[in-house]
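Trainee: If you want the building blocks of each chain, they are given just below.
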Amino acid sequence: METLLEAGVFADAAINRELTPEKKINLLRQMFRIRRFEQAALKHYQAGTHMGGFLHLYIGQESVATGTVSLCGENDHVITAYRDHGHALAVGMSMNECMAELFGKTTGCSKGKGGSMHFFAPDKNYWGGHGIVAGQTPLGLGLAFALKYKGRKGCCLCFLGDGAVNQGVYHESLNLAALWNLPVIYVIENNGYSMGTSLERSSAFKNCLAARAEGYNIEWDQINGEDIYEVRAKTWKAMQRAHDESRPTVLEIDTYRYYGHSVADANAKKYRDPEEIEKYKKFHDPLQLWQKRLTEEGVINEEQAAALDAEAKAEADAAVKFAEESPLPEKADIFSDVYYEVDRQTPAGRTGKHFFND
Amino acid sequence: METLLEAGVFADAAINRELTPEKKINLLRQMFRIRRFEQAALKHYQAGTHMGGFLHLYIGQESVATGTVSLCGENDHVITAYRDHGHALAVGMSMNECMAELFGKTTGCSKGKGGSMHFFAPDKNYWGGHGIVAGQTPLGLGLAFALKYKGRKGCCLCFLGDGAVNQGVYHESLNLAALWNLPVIYVIENNGYSMGTSLERSSAFKNCLAARAEGYNIEWDQINGEDIYEVRAKTWKAMQRAHDESRPTVLEIDTYRYYGHSVADANAKKYRDPEEIEKYKKFHDPLQLWQKRLTEEGVINEEQAAALDAEAKAEADAAVKFAEESPLPEKADIFSDVYYEVDRQTPAGRTGKHFFND
Amino acid sequence: MPQITYRKALNDALAEELTRDENVVLIGEEVAQYNGAYKVTEGLWKRFGDKRVVDAPISEAGFIGMSVGASMLGIRPVVELMFWSFAYVAYDQIVNNAGCVRYMSGGLINCPIVIRGPANGGTNVGATHSHTPESILANNPGVKVVCPATAYDAKGLMKSAIRDNDPVFVMENTLLYGETWEVPDEEYLIPLGVADVKREGADVSLIAHGRAVLTSLKAAEILANEHGISAEVVDLRSIRPLDEETILQSVRKTHRAVLVDENKPFCAVSAQIASMIQEKAFDDLDAPVLRVCSLDAPAIYSPPLEKMQLPTPERVVEKVLSIR
Amino acid sequence: MPQITYRKALNDALAEELTRDENVVLIGEEVAQYNGAYKVTEGLWKRFGDKRVVDAPISEAGFIGMSVGASMLGIRPVVELMFWSFAYVAYDQIVNNAGCVRYMSGGLINCPIVIRGPANGGTNVGATHSHTPESILANNPGVKVVCPATAYDAKGLMKSAIRDNDPVFVMENTLLYGETWEVPDEEYLIPLGVADVKREGADVSLIAHGRAVLTSLKAAEILANEHGISAEVVDLRSIRPLDEETILQSVRKTHRAVLVDENKPFCAVSAQIASMIQEKAFDDLDAPVLRVCSLDAPAIYSPPLEKMQLPTPERVVEKVLSIR
Ligand SMILES: Cc1ncc(C[n+]2csc(CCOP(=O)(O)OP(=O)(O)O)c2C)c(N)n1
Ligand SMILES: Cc1ncc(C[n+]2csc(CCOP(=O)(O)OP(=O)(O)O)c2C)c(N)n1
Ligand SMILES: [Mg+2]
Ligand SMILES: [Mg+2]
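Residue numbers (our numbering), protein chains in the order written: chain P, 49 to 406; chain E, 49 to 406; chain V, 515 to 838; chain X, 515 to 838.
Read the hints as simulated data drawn from the structure, not as lab findings.
Please read all numbers here as calculations on a predicted model, not as lab measurements.
From the three backbone atoms N, C-alpha and C, an ideal C-beta is built for every residue, glycine too.
Possibly wrong hints are sitting among the right ones.
Pair by pair, the computed Cβ-Cβ distance ranges are [what the hints assert, rightly or not]: (1) V:588 to P:65: 31 to 39 Å; (2) P:314 to V:530: 51 to 59 Å; (3) P:322 to X:693: 28 to 36 Å; (4) E:123 to P:312: 43 to 51 Å; (5) X:565 to P:322: 23 to 31 Å; (6) P:322 to X:517: 31 to 39 Å; (7) E:344 to V:692: 47 to 55 Å; (8) X:565 to P:312: 23 to 31 Å; (9) V:766 to X:826: 30 to 38 Å; (10) V:530 to P:123: 30 to 38 Å; (11) P:312 to X:826: 20 to 28 Å; (12) X:517 to P:340: 51 to 59 Å; (13) E:336 to P:285: 50 to 58 Å; (14) X:735 to P:336: 52 to 60 Å.
Isolated chain P, as found in the complex (with noise of 0.2 Å):
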């Protein structure tokens, strides 16, 4: 199959034509960030002298974060799952604290107690990196929650993957966010599978997965996830709607990894037949194809488009440096980060015994 690209259309957006070329360039630096952070990471995992547990490759989906963080504001908060590597980078944080976490040290963003799978910048709206399959999908209705109690005028997107569609906690935050009216956006980055299991396999269904929010009287849309423009233009629709109407949304983004569920994948190509890898990394590969949109649009040449991934490449192995170089937490940072009395030390953190190993 050929790429689904229709220029022009998504292109005309009124929130991509007050896209500065300056902007765009930037939409595809992110992306570069991404795929070479991951790259850089995969590299020092397989070396396998610091890194433990699993290591979640976003590569292929970079669009998908970077479209549609690109739309947030003050007011938008950002949760998703294992998979958070990418939306990390796009909310703006750093790849040294985002290196040092994946190496356990405690310049990472959660001091080396989070891992892959728990990234976090509450700083920038960023509330996680969740381990659990669709845990998160409760918490981002949460704060659109909150956002709605305090009288702010935002939303919460809230990322989950086809396979999560599946876990019972995911409809019911459905129910609620349309019976409350609150503004969440559930974003379904649909990647064809959950770890071995074709969408197929694991979910049955009208149309496609979003279309269950119809039950729930929800709008919802499905997105060709490989068009920047298509990806920014139908989630700002989701968002005008929870910005001015309070009503949540649900996107599927169509989008593909590829490499394996995670770096522990043995059978990554397995159930994947390598010329549908293959064909995608060809034909649907977003930065190629965002490269050659803004290469057609004259806002960038080859040059500055390799000036941009060097520039990454070269982001990527400081922060390698960085992490490296790095302490390791002590031993008695086990204890910390537990209780936030106990951390403050407030009466009520030195009141009675929080430990019991003695």
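Dock chains E, V and X with the ligands against chain P, hints included.
Mentor: Here is chains E, V and X with the ligands on its own, set in the frame of chain P:
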């Protein structure tokens, strides 16, 4: 609002045309039995000497259990929530074992261990009786799974309330039912309220609650519960779909409960306009409507109906006597029926410590 | 001092905190228009309105998870579970999101959420509605659990729980809602992590939480009147944080301890405390630390039988006599 | 005897029982076509087909509840949880339906279901994926819990679990899947409720379950070589039912006990056992029963730190020396 009954149309359905006068009268008898059983139970609950806990009355909804269960064959199974007296009597359980259960006696269907919410009769394909809202919905799915696994042509009728549709596990069950083509029929008994909360305050939906099935590509239908002919005609269609195509269905049956959520419902008359309750009793009572129907059809006359009612009342009074005269469990009985292997004193049941009081 | 019910004490605590802090919001099934399944929130919806007192559909995982998310942005939700037993459909949200998000974010986030409701047997509502999850929840570092035994404690602990900046689970008791105790009109707080000696004694320490404290007090009465044994009754009040000092002081004085616990015995709070006492007061003990728990089976329905299943003063007395 | 991995031992147990009883069916995420996230079910789908080995969507509450329902009609589902931590989204189905339906039906129903999967820390997968719920599940009368520490025990216990007519929860360990032990070719079963003395000793009893048994064996080695202390290692194997006799026999011989437990300390299995030992062997104890558990915080990610968080042979040795 007047009754919605359009005589004829559903009466002419094949499944109803084959009803003999005896069978039609039996349906009326069953409804009288359910109502009289519960009136007796209520009276003795209020006397306050024997019963404790909850008592959720089914009065007003009799046509749903009576009509649907009347279609069940030897491989059709039934499971429901805590409002389970009606279904229990409909599947053929005796008033004695049911009343004795309410009285907490050893002669109760669950030996006095389950109480009102936990009536069971596996020998009659009746699997309870479950107290956690929607907790029974995956169990019903499992019964359907077992039937298909064993190659039996049957189905599971799994009842739930209009408030139960907002428990996530019900949605997980719908997806599994559709994905795996399991012969389960979810029957939503929509009595308009979950405790004190009206349908509108608890659920967001389009058309009706059953329509959420659409998102899973599951067939659904809505039924006027006051018309036994309609209940049977539409439920039978779903049962045929289960038997012949092994496909699930979601049915929503509109009905009404006359009493409070449970006997403990202090506000029974606060959240519902008393006129609303009166209107239902006057224009939509399933017993009266069915009796009227049968009278018009010349199947039964006043005296015969009165006699059925009197029989039912006498049976209920006898059940109370039986329950009162039955023995309570012994203290030692607290420890039986916990583990199958211990009850049977198998080698496994005799190995290691199972109970830890001393 | 005025006598008020445990229910009213909780209601007053909620009303006072709703008034004090506009970020406090009550959420739960039937808490608003219905005034609460057990009337703990009576009158609060009328007084504080739709924004502050919110009726929820039957979606515990959904609205508890939502409350955790809202708490990350500074809202202070007080969520009612009609029964704590229903926490089991929201268990992941409670343990993994409320309990772990602070740690996994390296302390960037905290969740000032309170989850409250009854957690007790004894009302013949059957096995699925009679769970006492204080032990299994307190197993998780990151959460706090309190089990008030009196109206006075219920009010003071509830107010502290709402002001606490960590997740606090308040376990009440439907059998106590209607009981009355003296409660002062003036505002007061009871810190989490402070046990209370409800009765002084010299011969044996009865250590309990929640309604088992009242069972212990009855047992102490009998021991004094019929057996000349002076029992001290220590009410834990707070399970996590735990006041080990008060427990150990009592045991060092009496040299004997019997724990009374309405949970099932295996890995109950009383097991943790028995283990702690023998470890830290080994040489002070003149006898093994014994436990009186619910009879080890799911909660039975039959009313007269369930009475026997919970710890009774008689069973406590018997245990004490076995080590006199 | 052939040396095989813990993983292969489980795989063989599943294959043998699938062959023996056509009502046995494996259900879980990625158990069929993917061969299991941790390859425990490798080759079984190919060999037994779609009907007997079923891939499930990410709906633990749904497919565990479904399995409980199917078991009521005589199917014998063996459900894989990719991690036992995911039981928390299915907690109500596990505790209330699998655990209580027999009781609430007065014994009319039984649920021959097995739920299995890894439950351990130590692989840097973070707080939400590292829970060890043996204590909180074993709190419920009606369920059974086993934690095999070796390939031999894993196979024998798994086969017994599948043949048991009550719900049995088998807790495995991702750190052990690749370890090898001797396992006979001939079929054998290990009954639930029988502990195993993995090393004889005279001076102190190290009592543990799961991987902590291996930690205890390493500690015993050090104690013997460096401190001249002869430690006995008792492997509980089964948590509920529990073999109290073997525990007590060991303690009556050594007069000292240290419990090693990878769970968090509060209300852990080791608390239950410490409480039991001091109650039933009070006069046999020359020192308090001590415990070595995971450091009391959510599981930390940082690899070198998580190593320290779990019980180590060094920490066990230290505890033993403190009561020598
Ligand atoms: C409740 C729960 N069940 C299972 C898992 C294991 N798991 C982690 S990711 C995953 C697949 C999710 O797929 P999808 O939602 O499509 O997201 P993607 O990985 O494609 O981004 C599974 C089964 C989990 N983390 N939580
Ligand atoms: C998980 C859970 N949450 C809450 C309850 C308390 N509860 C019992 S019945 C009920 C209302 C259910 O209403 P509906 O589903 O409409 O059934 P109906 O009572 O009308 O038959 C509630 C909230 C429960 N039993 N289980
Ligand atoms: Mg996916
Ligand atoms: Mg209803």
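Trainee: Does each hint hold? Answer for all of them.
Mentor: To see whether the hints hold, each was checked on the structure:
For the pair residue 588 of chain V and residue 65 of chain P, the beta carbons lie near 37 Å from each other, so the given range of 31 to 39 Å is met. Between residue 314 of chain P and residue 530 of chain V the CB atoms are about 58 Å apart, so this pair conforms to the stated range of 51 to 59 Å. Distance hint for residue 322 of chain P and residue 693 of chain X: a CB-CB separation of about 33 Å, consistent with the stated range 28 to 36 Å. Between residue 123 of chain E and residue 312 of chain P the C-beta distance comes to about 44 Å, which sits within the given range of 43 to 51 Å.
For residue 565 of chain X and residue 322 of chain P, the Cβ-Cβ distance of about 30 Å falls inside the hinted range of 23 to 31 Å, so the restraint holds. Between residue 322 of chain P and residue 517 of chain X, the C-beta spacing of about 36 Å keeps the proposed range 31 to 39 Å intact. At roughly 52 Å, the beta carbons of residue 344 of chain E and residue 692 of chain V sit within the given window of 47 to 55 Å. Between residue 565 of chain X and residue 312 of chain P the beta carbon distance is about 29 Å. The supplied range of 23 to 31 Å therefore holds.
At roughly 33 Å, the beta carbons of residue 766 of chain V and residue 826 of chain X sit within the given window of 30 to 38 Å. Checking the proposed 30 to 38 Å range against residue 530 of chain V and residue 123 of chain P shows it holds: the Cβ atoms sit about 31 Å from each other. Hint check: residue 312 of chain P to residue 826 of chain X, Cβ distance near 25 Å, so the stated range 20 to 28 Å holds. Under the hint 51 to 59 Å, the C-beta atoms of residue 517 of chain X and residue 340 of chain P, about 57 Å apart, fit the expected range.
For residue 336 of chain E paired with residue 285 of chain P, a C-beta distance near 53 Å keeps the hint of 50 to 58 Å intact. Distance hint for residue 735 of chain X and residue 336 of chain P: a CB-CB separation of about 58 Å, consistent with the stated range 52 to 60 Å.
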